[in-house]
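So the sequence lines, in the order shown, correspond to chains A and B.
At position 15 of the first sequence the residue is numbered 15 (my numbering), and the sequence of numbers has no breaks.
To convert, take the position in the second sequence, counting from 1, and add 458; that gives my numbering.
Keep in mind the hints are simulated off the structure, nothing from the lab.
Any given hint could be a false lead.
[To be verified] The list that follows gives simulated cross-link-like pairs (lysine-lysine, DSS-like), each with its CA atoms no further than 25 Å apart:
(1) K15(A) / K41(A)
(2) K633(B) / K2(A)
(3) K241(A) / K680(B)
(4) K15(A) / K301(A)
[As the list claims (entries may be wrong)] To be clear about the criterion: a stretch of chain B counts as covered by chain A if any three or more of its residues have a C-beta under 8 Å from a C-beta of chain A, and this derived list gives those stretches:
(5) 515-528
(6) 571-584
(7) 721-730
(8) 738-744
[Claimed, not checked] Some chain B residues near chain A, calculated using beta-carbon distances under 7 Å:
(9) L468
(10) I485
(11) S612
(12) L675
C-beta atoms are modelled at their ideal positions from N, C-alpha and C, and glycine is treated no differently.
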Amino acid sequence: MKTFSIGGIHPPENKLTADKPIVDLAPPAQVAIPVSQHIGKPAELVVERGTEVKVGTLLAKASGFISAPVHSSVSGKVKKIDTVVDAQGYRRQAVVIAVDGDEWEPGIDTTPDLVQSIPMDATSIVARIAEAGIVGAGGATFPTAVKYSVPEGKHVDTLLINGVECEPYLTADHRLMLENADELIVGTRVLMKAAGVARAWIGIENNKPDAIAHLQERLQTLSAAGEIPEGTLQVLPLEVKYPQGGEKQLIEAATGREVPSGKLPLDVGCVVSNVSTAIAVYHAVQKNRPFIDRIVTVTGKELVARGDGGNFRVRIGTPVSALVEAVGGMPEDTAKVVMGGPMTGKAITSFDVPITKGSGGLIFMRAADARRHAVGNCIRCSRCVGACPMGLEPYLLEKLVQAEMWEDAEREGIMDCIECGSCNFACPSNRPILDWIRLGKGRVGALRRSRAAARAGK
Amino acid sequence: MSTQATGRSLVVALPPHERSEVSVARIMWSVVLALMPTTLVGIWFYGIRAAVVTLTAVGASVVVEHVIVRYFFRRDTTTVTDGSAVVTGMLLAYNVPAGIPLWQLVVGAVVAIGVAKMAFGGIGNNPFNPALVGRAFMLVSFPVDMTTWPVPGSQGFATWNLDAVTAATPLGLVKEAGAGGLSAVADQLPSYGSLFLGNIGGCIGEASALAVVLGGLYLVWKGFVPWVVPLLYLAGLGLVTGIAWAIDPGTYIDPLYHILAGGAMLGAWFMVTDMTTSPMSLTGRMVFAASAGLLAGIIRLFGGYPEGVSYSILIMNALVPVFDRHFKPRKFGYGASAGGAA
């Protein structure tokens, strides 16, 4: 079975909610929808206080090539334009909407019927994806349309659908693959058409054998029925290893190709999209439905032990407090609340934080799991070196950053770091290696920009 | 940090929020466990004295570290619970003859922990293997007691004074044979079976290659030792001694004998593999181990001492920064050849 070749770790999987079917969470009384839920420029507001909106109404339009529009996830009235603290801890402009009923824009197909045939051509598909505000739902939130706008001279031959879900605890993609396999398959075919590729693989780690078997069975049935050409779309079972869901790691695991340092998947002929992104694309292209909701895994050891927690379909902009309420309140023993997965997610400080396009999980961590351990000396065990999936030497980068040796850190490849956290995880001395590397990446990035500016100024 | 809507204090920290269960203490106590077969075999052959020697070395190492942390570093905590001083104490004990006067062993522990480890800042900062520094110091300071080898199993279990029956070590015999050739000592040399299972003169930890390998394999299974490292050390040793043997088998003993006799096994599995004093990349560690093995063979054949394991490792320890500079892991995204030797 395939996997990526450099480094990797095996954190405890804790997929506690894998058996819990997706439940629709009713729209809350009020939502706060940030205009910046993606990488790139924030969207530009097109509504104001008092505007009446429906589900799917455009709230803010894309403001440049790398940007994404934002739509209303509820029906009601814009109460105010305010700022809200997001999961990253930044204040963002947001549209606060008082919810009234659940009325949808008339153009949206809200029926559950599966639309198999794909009449649109590649250009219209990409345009539709852009209009619908689709961004990478795996957490990176890069505007999807940009990925599929293949520049002149580049050739893409492989589409990879990321069903790895290598973050511990999270089960949102797992549930989607089980419950929405047909939508996923159509979404993947839409993306294949957009990218102009003849083959696609859905990469799934073999800790989800039910998802692997189910998708394989659906693909067989569909190709037997003549709905899809045989062999073009395949399930690719992968060995369990973190961070296999990292774009570069998944490409290497599946195709053996290494994205060169500083380059994009396009440069090795690949595009990668997440399972939930592919399903959002299905809804956007086949059902004319913009990105207005997503699946959030609400989990935690005590929460699930007391019988709560699960996978919820949540409207974008729903405050975390509504999810906390839906699972019957925060567990007694909660010392840290993480939005996203435990390896890359952010610890939040307020339940006012809204669910955004990239929020895949909400984890209540017990005190025993949240406490910080005393930091010890580096014993040169080299476990961080062995864990790094980019082949870097995290211990060395830590030292170079501490010594403010930015050029040396750059030469040692600090900018190749994907911030997966494997080094921190592996360190037996509890050293905050990645904290130092992040600091260094900021400084080296600034150094590079000032160099580029100096060159441009000449 | 108290928060607005949660009404509860929550920990705010950067990701990742998961930590491996493997701590420094877990690694070190695993090494202690891995040394248990060697400990038991030592006691089997040398009786109560081996147990006392081990306890003395461990006790002295722990006390010295504790005193330095509390009264020289002026810290409120201690570092001895991480088990690394226990490991150093055990390795020191297994690198001396069972009959060693205990006060000399205490001196060795003071040098190992005080000079070789704590003077550099404690665990992780020592450039040289502390136990080997302690042993090297003892060898030059107490040359007679450090080379008086009781014959294993020759005296009762409770016998305190082991000096009544002593003999040269197998490597000593081979070295001393000199002009007479190996045939002169052939009848005194232990069989391969004895070398492997035990029952040969030397340091406590040299009694049985099998016991050492069992412990080493445990560490490989735990993921704390890459199996290739000890094997490359032994291969390096085998290569040098094998060439000499091929050229003149009348004077030089065969490489298998060299690998099984003396401290080669203990060095290969427990000291070349020491994390702190070996390079960081796997390729670096492999070259490091093979070089140390070659060096051990050269010292054994041409040096003044019959044994070369300690010095081979100490000399290579000094070169670790050079290895770290030139042997890098293969970086992702720089082509297949990138990231090798710079």
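Taking the hints in turn, this is what the structure says about them:
For a cut-off of 25 Å, the pair hint linking K15(A) to K41(A) is broken: about 35 Å separates their Cα positions. The hinted pair formed by K633(B) and K2(A) fails the criterion: a straight-line CA distance of about 53 Å is larger than 25 Å. Among the hinted pairs, K241(A) with K680(B) is consistent with the structure: their alpha-carbon atoms are about 18 Å apart, no more than 25 Å. The suggested pairing of K15(A) with K301(A) holds, with an alpha-carbon distance near 10 Å, which does not exceed 25 Å.
For the segment 515-528 of chain B, the stated coverage by chain A is violated: 0 residues have a C-beta nearer than 8 Å to a C-beta of that chain, whereas at least 3 were required. For a cut-off of 8 Å, the count of residues in the segment 571-584 of chain B with a CB near a CB of chain A stands at 5, and the three-residue condition holds. A count of 0 residues in the segment 721-730 of chain B with a Cβ less than 8 Å from any Cβ of chain A is obtained; the coverage claim is therefore unmet, three being the minimum. Here's how the segment 738-744 of chain B fares: 4 of its residues keep a CB closer than 8 Å to some CB of chain A, so the rule of at least three is met and the hint holds.
Because the closest C-beta pair between L468(B) and chain A is about 6 Å apart, less than 7 Å, the hint holds. Checking I485(B) against chain A: minimum C-beta separation of about 6 Å stays under 7 Å; hint holds. Annotation: interface hint on S612(B) violated; nearest CB of chain A at approximately 40 Å, more than 7 Å. Look at L675(B): its Cβ only gets to about 19 Å from chain A, farther than 7 Å, so that hint breaks.
The structure fails hints 1, 2, 5, 7, 11 and 12 (numbered hints given earlier, in ascending order).
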